[in-house]
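A.B. asks: Based on the sequences and whatever the hints tell you, model everything.
For the protein sequence lines, the chains are A and G, in the order given.
Going by this note's numbering, the first sequence opens with residue 1, and the numbers climb by one from there.
Going by this note's numbering, the second sequence opens with residue 430, and the numbers climb by one from there.
Incorrect hints may appear among the rest.
[What the hints assert, rightly or not] Among the chain G residues that face chain A by a calculated CB cut under 7 Å, a handful are: (1) Glu452; (2) Ala453; (3) Asp454; (4) Gln456; (5) Tyr458; (6) Tyr460; (7) Ser462; (8) Gly502; (9) Ser503; (10) Val568; (11) Pro700; (12) Pro758; (13) Arg762; (14) Thr767.
Don't read these hints as lab results, they were simulated from the structure.
Glycine is no exception: its CB is placed at the ideal position from the N, C-alpha and C atoms.
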Amino acid sequence: MNTLHNLARRLMQMDDKIIGCMKCGLCQAVCPMFGASGMEADVARGKLALVNNLAHEMIGDAEAVLDKLGRCLLCGSCQASCPPGVKITEVFMEAREVVTAFLGLHPVKKMIFRTLLAKPELFNFAMRVGVPMQGLLFRKTGQPQGTVCAPMLNFMLGDRHMRPLAKKPLHAVHGVIDEPKRAGGMKVAFFPGCLGDKMYTGMGEACLKALQYHNVAVFMSDKFACCGIPALSSGDALGMMKQMKANLAVFAQADFDYLVTPCASCTATIKEFWPRYADRLEARDKNLVSDLAAKTLDINEFLVKKLDVKSAENAAGVAVTYHDSCHLKNSLGVAAEPRAVIAANPNYTLKEMAEADRCCGCGGSFNLFHYDYSRKIGQRKRNNVVASGAQVVAAGCPACMMQLEDVLSHNNDPVKVKHTVELYAESLR
Amino acid sequence: MASQALIKDFEELLGKENVFSSEADRQTYSYDSAVLTPVVPALVVRPVTTEQLGLCVKKLYENGIPMTVRGAGSNLSGGTIPDKTETVVILTNGLTRILEINSADLYAVVEPGVVTVDLATAVAKQNLFYPPDPGSQAVSTIAGNIAENAGGLRGLKYGVTKDYVMGVEFFDATGEIVKSGSRTVKCVTGYNLAGVLIQSEGTLGIISQAILKLIPPPAAQKAMMAEFDDIQKAAEAVAGIIAAHVVPCTLEFLDNNTIVRVDDFTKSGLPRNAAAILLIEVDGHAGQVADEAQVVEKVLKAKGATAVHIPKDEKEKFKLWEARRMALPVLARCRPTTVLEDATVPRSQIPAMMKAINGIAEKYKLEVGTFGHAGDGNLHPTFLTDKRDKQEFHRVEEAIDELFDVAIKLQGTLSGEHGIGTAKAKWMEKETSRGTILFSQRLRRALDPKGLLNASKLVGI
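C.D. replies: If you want it as structure tokens, here you go:
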């Protein structure tokens, strides 16, 4: 029976994790959402209390709790600095899943996560149809980030300034890539992620160029599905599993040493979230997931640790500042490598901004549902970027890049947004 | 849940975005950092101007509605847990402006919701120093610090929050503004009401502004760590340092239980066999710091330290201090519930207190780790438990009863810096006197005739 009592019983399975919260409230210092709203229900301590109350049947309004759980960027800053080390994002993800299962997933989300994003042919087709329409709907903002806005779609997109979809997605430009290993070289599976394939193709091209330069053979399919993080963030484990399985079928066919992605969120999802849900798979897929997780690396980490890319000496040039993506720093502990990759190009000088590791406010689908807060959080990041005096801001995640472009564009700032590997690839001949 | 009429009134006064009436929102203001039963308030309001703050208090007074003021909700004694389900919580985190930093006259004027570390950072940018550094400084608010008289690591040399309050403005229970103190070093105009408000835990008035003393920062620091095979020797070393007329800015202590647990977690090679370690830092003028560090080292060796480590640079110091930084986080990870106490004794009584703490833990079959501020005798015995285990938690409560008995017998105090709230109210009379309770209650009733301000805290009303 789908009763509140059963929901509570299911949530009680997390009781041992939740009770670890000593209610010190130190999460207030690092939570971007709390920073923007100042509301206790928006900080980890408050959300954990609400999940706890739902588990103990002290609150009946499951929808209200889910709404509060949704007001979170899943940036993991709270978890990274939690004195008793509560696995906060695990609790939040699981609670989103359990409560969403109880309340039912919105039909639009169901369609997107379980059909569109799990079926690459369909998603690619939809985007291909969409690209020519862009000209009708989008208007150039004239900002240096090359963003557009869509006044006619205001009801859906708000006042966003965004990068238009690429004229031709990465997979359509290259088709299937499956190079043989070159003498003494490695082979990687390159997973560009949805944004890398369909929007930031320049980033994808830069990565392919760098891999080529370093004599690394590449496998890239035209059948990659979404990694699953948007579905998972919306509490749709089923949709995420569908997408994961579509990807597993592709990876099972190929032979490679590492799985490399330029998207912090994809990396964290494959490395951390896939294994968490692998228990629900058949034994063969389960092994594949743990094998893949062990082989998955962020591209910056790959360049530095496996290809020995080093900071250039006597760097002097354009000032570039670096934004730590939450999924790189908080989830994967990757912070030094992207900086080394930037510094590998002698034409750039790294200039740190204040609060470089504070969330930019994108948060994936958080940005869709809470655009006002997303912009408010982004404004703080923008202020730090501009105060650094840098002409370029680099990030290791296209979702952060999208957010940075939006806030900088809205402020008429002449600061360009680049992926770290784009900067590095400029120095390669 | 408050009446619709009241909610509407507050929404008109403060705007919808500053009135939280949903069940989910209210539940998140039902607790603070103390291990106590939550109480869900009827309504939560967030004034964003001083004037609004006063109007909120006035409205609640006129309607006879109890009120609890809340900053970050990080106190450890239940001071911000609502008294009743009729209580309205007033948040101060809509009032976060630093109004003035005056480097000629060495003071700052702030609104109540300014976060402690934000003030410390802002004054440091002007090469000034605001010393109070409670463990919660990253989130705690200045008004909360004043209302609890928060301490911190620098208490021994620099004092605590009360030593930096030059003046306050506050609203009394009826919503009248009261002003005390000034921007001058000397001020004897009227009663020292600012002094009365300090550590009043939200029972006498609601702070709307504070004038805080700033000082020039020390030019140099030097840190060291000493190991001891006997707590008695560590305590003698502490006394010896003070007797040699050196007042370190930090003089921290970790017991063996804490050392072993931290080392288990960090694998940083701490002296697992040491009975205690002391972390010491002296600061001041460079020449003075060099002299004092020499004296401290000599005392440590004379009092039988088995090893003294002097970090060569900031990086090494950071590593040595990790043991202290990690003490609470590591202890907190051992068991689901952490009960952090702050019974304080004269520093010469630290060995007796430590012996008592470990004896009590053994008697009640409990795990405890102790660390704290050895220089001022403010220890943090930290009981590791699971509040879901009713029997064990009852033993913790008994152990704490006994602990306070010992602290009082050793001429110490129930609480060095965490406050009384509701957590320690029942022991107040034991440390003070019946008359103290009655006097305090009469004071409260005179100032708050309807008994609306944080009624159940401290001595009750």
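A.B. asks: Hints first: check each against the structure and report whether it holds.
C.D. replies: To see whether the hints hold, each was checked on the structure:
no.: 1; hint: Glu452; result: 6 Å, holds
no.: 2; hint: Ala453; result: 4 Å, holds
no.: 3; hint: Asp454; result: 5 Å, holds
no.: 4; hint: Gln456; result: 6 Å, holds
no.: 5; hint: Tyr458; result: 6 Å, holds
no.: 6; hint: Tyr460; result: 6 Å, holds
no.: 7; hint: Ser462; result: 5 Å, holds
no.: 8; hint: Gly502; result: 6 Å, holds
no.: 9; hint: Ser503; result: 4 Å, holds
no.: 10; hint: Val568; result: 4 Å, holds
no.: 11; hint: Pro700; result: 24 Å, violated
no.: 12; hint: Pro758; result: 4 Å, holds
no.: 13; hint: Arg762; result: 5 Å, holds
no.: 14; hint: Thr767; result: 5 Å, holds
In this structure, the one hint that does not hold is number 11.
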